[in-house]
Amino acid sequence: MENSIVKSKRVKEVDINKPKLTAKEFKRQWILVAISAVYVIYGIIFYYLPLAGWIIAFQNFVFAKGIGGSKWVGIDKFKFLFSDKTFLMVIRNTFVMGVLNLFFSTIVAIAFAILLNEVRNKYFKKSIQTISYMPHFLSWIIVVAIVHDALTSTGIINDILLRLGILKAPYAFLGDPKLFWGIVTLSHLWKETGWNAIIYLAAITSIDPCLYESASIDGAGRFQKMRYVTLPGLRPTIMILLLMNMGNVLNAGFELQYLLGNGLVQNVSRTIDIYILDWALDARNMDYSLGTAAGIFKTVVSMTFIVVSNYIAKKKGDERLF
Amino acid sequence: MADVVSFDKIKHKKKMATEDIVFTVLNTTFLVLFAVVTLYPVLNTLAYSFNEGNDAVRGGIYLLPRKWSLRSYHEILFERPGIRVGAKVTVARTILGTLTSLAANALLSFILSRKKFLFKSGLSLFWIITMYASGGMIPVLVLFRYLHLTSSFWVYIIPGMVSAFNVMVMRTYMAGIPDSLEEAAQLEGAGYMRVFISIISPLCKPVYATIALFVAVYHWNSWFDAMLYNRFDPQYTTLQYELMKLLDSVSATTGTSSGAQMTQSAAANTITPITVRAAATIATMAPIIALYPFLQRYFVTGLTIGGVKE
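Chains as they are written, first to last, in this note's numbering: chain L, 1221 to 1542; chain W, 103 to 412.
No lab work stands behind these hints: they were computed from the structure. As the structure is a computational prediction, the values presented were derived from the model and not from experiment. Do not take every clue at face value.
Here are the simulated distance ranges between beta carbons [as the list claims (entries may be wrong)]:
1) W:LEU227 to L:ASN1341: 45 to 51 Å
2) L:GLY1288 to W:PRO395: 52 to 58 Å
3) L:LEU1320 to W:VAL124: 28 to 34 Å
4) L:LYS1398 to W:THR131: 26 to 32 Å
5) L:VAL1253 to W:LEU283: 21 to 27 Å
6) W:LYS307 to L:LYS1299: 51 to 57 Å
7) W:ASP350 to L:TYR1531: 51 to 57 Å
8) W:MET233 to L:ILE1380: 41 to 47 Å
9) W:ASP335 to L:LEU1431: 55 to 61 Å
All residues carry an ideal CB built from backbone N, CA and C; glycine is no exception.
Could you build the full structure based on these sequences and the hints that come with them?
Okay, structure coming up:
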């Protein structure tokens, strides 16, 4: 009796894992299949057609003439891109700001999570955490307005520096190309640190408390526990988040730079996306093909980052995406 | 010998205790400072928004307005038609966009979480690919122009309706619901749609709330689509895009000029006083800040549901 139950369960499990494509099963699931078909059509239109649209990078695409009527130019657009000094500059800007952002946002979020985790008072901890991720829900427009206000001649930063006597006259921070990358990184930290820390805090709570107890018995102090228990416990989370974000390094440079940038800092503020947008919006020199070529470059590099970092993680035996 | 050991232990403990106190004090100070840095700019903007316009240019306003005035709020509410239109469009897209997106994502998640579904892995892969490979800004723009989605309200609703990331989060949650519930319902003659609406959906309220919030915040904060697809159509402008134009008109006069010029041009700038922009900023963030304390638990569950890996 018992045996037969086990057997029937097992048979069922096999069925669950591998549904066979039979007419009967198809008929039973027809509604799921029909709805899926709608989703596939939707996905093809809005996600796969733009990928097919990459072919316009090999044309002198004119919207009125369409893809069929536009002239084919081979890889001319790519040749132009890589001989364009502005493009090389925006690659550098995007990459540097992306890496700075990834590096500092990871470190600061981990540090914040660890420090917050050390707080004993439940209410204090909760309040700080609630405040810390509020800026995540504000738009970049608002964040830029805030950063702008803080850094103008009458803003709080100039105010403090003048009072402390560090500055003699108000300084135009946003007009200084040397400060732009720093301001961008700090703005990111202001907006996202609390949010990024959530996932690390969750990971810290899932570390086995026995590890802390045994560390205490061995005489480890607070800092030693942070260093030898918490940090290693966070390692898988850190690795997986770094991997996920590697593909976004080149994506992380648009809204903030576009809104915060101005004529004085454009050599360090413009990113690949801004470059693409300029070609798309410029009424006189509009060039969709060039913008597409730059977009292809960005996607291909991003994919390469993901695949390579995933490969490295695999080699080192860490968590990986796929 | 034993005495020495215990003495050492006491000394050690004492040292630990002072170390603990020092750490706690420093840590608390740091975290309070962190909170101040986070909150101050918002409170400062609030103070500016209630200050009189010409007086505000002098600066030196911190947490409280110097010369109270509701003039700026009056201006953004009644004298700037762009902001009114933007507010209407933003509210419309937030409500409609959230509802359609939630329904579309939930239904796809339901299908992908059915263990017996015949094309489960194929359909999953189809959507996972969309997370990593994107056509890019221009091909999407060209496509939307061909589909007549530009110069239209629907560009805010239709293209972003299904998001693979949200689907993966929901699917993970749904996959955790025991199959026996579905099987029992099916034995009683319920079809798949019935199972989705009456069995699975009620159990998914927390994840639905989380995704709805993410989508709603996304819609509320959008400006780029308004600029890229509808910039010649003021009837489809959004609140954030209007705010951006306000910001632009201020930074054009202050941000790009340097040093002493800055104060002069700021004083001369009567087109968009800093207080009007502050009022618009506050009005734009107000709904999020007001709802935030009540909704924040959903934000957190959203991030931790099923972990990051999917």
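### 41 to 47 Å as the expected CB spacing between ILE1380 (chain L) and MET233 (chain W), which holds or is violated
Holds - the Cβ-Cβ distance for MET233 (chain W) and ILE1380 (chain L), about 43 Å, lies within 41 to 47 Å.
### Query
Range hint 21 to 27 Å: satisfied by the CB atoms of VAL1253 (chain L) and LEU283 (chain W)?
With a Cβ separation near 22 Å, VAL1253 (chain L) and LEU283 (chain W) satisfy 21 to 27 Å, so the hint holds.
#### Entry: Satisfaction of the hinted span 45 to 51 Å by the C-beta atoms belonging to LEU227 (chain W) and ASN1341 (chain L)
holds, 48 Å
#### Entry: Satisfaction of the hinted span 26 to 32 Å by the C-beta atoms belonging to LYS1398 (chain L) and THR131 (chain W)
holds, 31 Å
### Task
Given the hint of 55 to 61 Å, check if ASP335 (chain W) and LEU1431 (chain L) actually sit that far apart at their C-beta atoms.
holds, 59 Å
### Task
Can you let me know if the beta-carbon spacing of GLY1288 (chain L) and PRO395 (chain W) is within 52 to 58 Å?
Between GLY1288 (chain L) and PRO395 (chain W), where Cβ atoms are some 56 Å apart, the hint holds.
### Outcome for the supplied range 28 to 34 Å, where the beta carbon pair is LEU1320 (chain L) and VAL124 (chain W)
holds, 32 Å
### Query
Do LYS307 (chain W) and LYS1299 (chain L) keep their Cβ atoms within the hinted range of 51 to 57 Å?
holds, 55 Å
### Task
For ASP350 (chain W) and TYR1531 (chain L), compare the CB-CB distance with the range 51 to 57 Å and indicate the outcome.
Violated: the Cβ-Cβ distance is about 44 Å, outside 51 to 57 Å.
The structure fails to meet hint 7 from the earlier list, while all remaining hints are met.
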